[in-house]
Amino acid sequence: MTALDTSVLVLNRLWQAVNLCSARHAFGLLYQGHAHVVHAEESDFYSLDFAHWAEHSRDYAGTDVVHTVSARLRVPRVILLVLFERIPNKDVKFTRRNVFERDNHTCQYCGHRFDNRSLNLDHVVPRERGGKTVWENIVCSCIWCNSRKGNRTPQEAGMRLLRRPRRPRWRPLVASETAGVPEAWRRFVDVDSWTVELS
1 MTALDTSVLV
11 LNRLWQAVNL
21 CSARHAFGLL
31 YQGHAHVVHA
41 EESDFYSLDF
51 AHWAEHSRDY
61 AGTDVVHTVS
71 ARLRVPRVIL
81 LVLFERIPNK
91 DVKFTRRNVF
101 ERDNHTCQYC
111 GHRFDNRSLN
121 LDHVVPRERG
131 GKTVWENIVC
141 SCIWCNSRKG
151 NRTPQEAGMR
161 LLRRPRRPRW
171 RPLVASETAG
181 VPEAWRRFVD
191 VDSWTVELS
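Numbering (UniProt numbering) for the sequence shown: 1 to 199.
Do not take every clue at face value.
Claimed, not checked - Between beta-carbon pairs, the in silico distance windows are:
| id | residue 1 | residue 2 | range |
| --- | --- | --- | --- |
| 1 | T95 | E156 | 57 to 65 Å |
| 2 | C21 | R186 | 48 to 56 Å |
| 3 | E55 | L83 | 37 to 45 Å |
| 4 | R72 | L161 | 46 to 54 Å |
| 5 | R167 | V82 | 28 to 36 Å |
| 6 | E183 | R117 | 20 to 28 Å |
| 7 | H34 | M159 | 47 to 55 Å |
| 8 | W135 | Q16 | 22 to 30 Å |
| 9 | C110 | Q16 | 54 to 62 Å |
| 10 | W135 | D5 | 25 to 33 Å |
| 11 | R163 | E55 | 47 to 55 Å |
| 12 | R167 | R13 | 23 to 31 Å |
Simulated from the structure, these hints should not be mistaken for lab results.
Just so we're clear, the structure is a prediction, and the values are computed from it rather than from any experiment.
Here a beta-carbon is modelled for each residue, glycine too, at the ideal position from N, C-alpha and C.
Could you put together the complete structure from these sequences and hints?
Structural data, given as structure tokens:
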């Protein structure tokens, strides 16, 4: 992974976290004047356009930099969109990937983590029994556990769910673990709300 692949937190002009983008995309927005870098010094925040960020980066001694022909630019951690003020839809779209994220790529029956190819989606209450394809009735399941459960409820199959499935709360970041979250992001996003409480 290069410095240009680093994730950057994107804020709308109301200073609300709305997305993540790559540093490459952030530099493009910054250069075009669509965004400013949010720089924090102690408890103060500064909004710097491209020229000021380039000047600020000149004396930076860290390694998270991008070299251009004429400059050395520090990779920003947070950018502020100049015009965009909408708040994104707070409903998490029901997709296979988002179910895997919600369940942390973990089979909800045996508790083992798997890659996407070894996981599938299981209806807790089978469709033939009126179970719907909704957040509250779908869990991640490994292929072996799903085959074992078959067209039965977990109770009938003698299996226990690790967590009851729920609709996840919205989060601007697709991250199931918060260990590597840059400190600069924590001022704008409630890190505790990133993980979905399913117990």
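Verification of the supplied hints:
1. T95 to E156: 57 to 65 Å: Check failed, 28 Å falls outside 57 to 65 Å.
2. C21 to R186: 48 to 56 Å: 18 Å, violated
3. E55 to L83: 37 to 45 Å: Because 24 Å falls outside the window, the suggested range is violated.
4. R72 to L161: 46 to 54 Å: Since the Cβ atoms of R72 and L161 sit about 52 Å apart, the hinted range of 46 to 54 Å holds.
5. R167 to V82: 28 to 36 Å: Given a distance of about 33 Å, which is inside 28 to 36 Å, the answer is holds.
6. E183 to R117: 20 to 28 Å: 35 Å, violated
7. H34 to M159: 47 to 55 Å: Holds, since H34 and M159 (Cβ atoms, about 51 Å apart) stay within the stated range.
8. W135 to Q16: 22 to 30 Å: 24 Å, holds
9. C110 to Q16: 54 to 62 Å: Because 39 Å falls outside the window, the suggested range is violated.
10. W135 to D5: 25 to 33 Å: 31 Å, holds
11. R163 to E55: 47 to 55 Å: Because 50 Å falls inside the window, the suggested range holds.
12. R167 to R13: 23 to 31 Å: Between R167 and R13, where Cβ atoms are some 29 Å apart, the hint holds.
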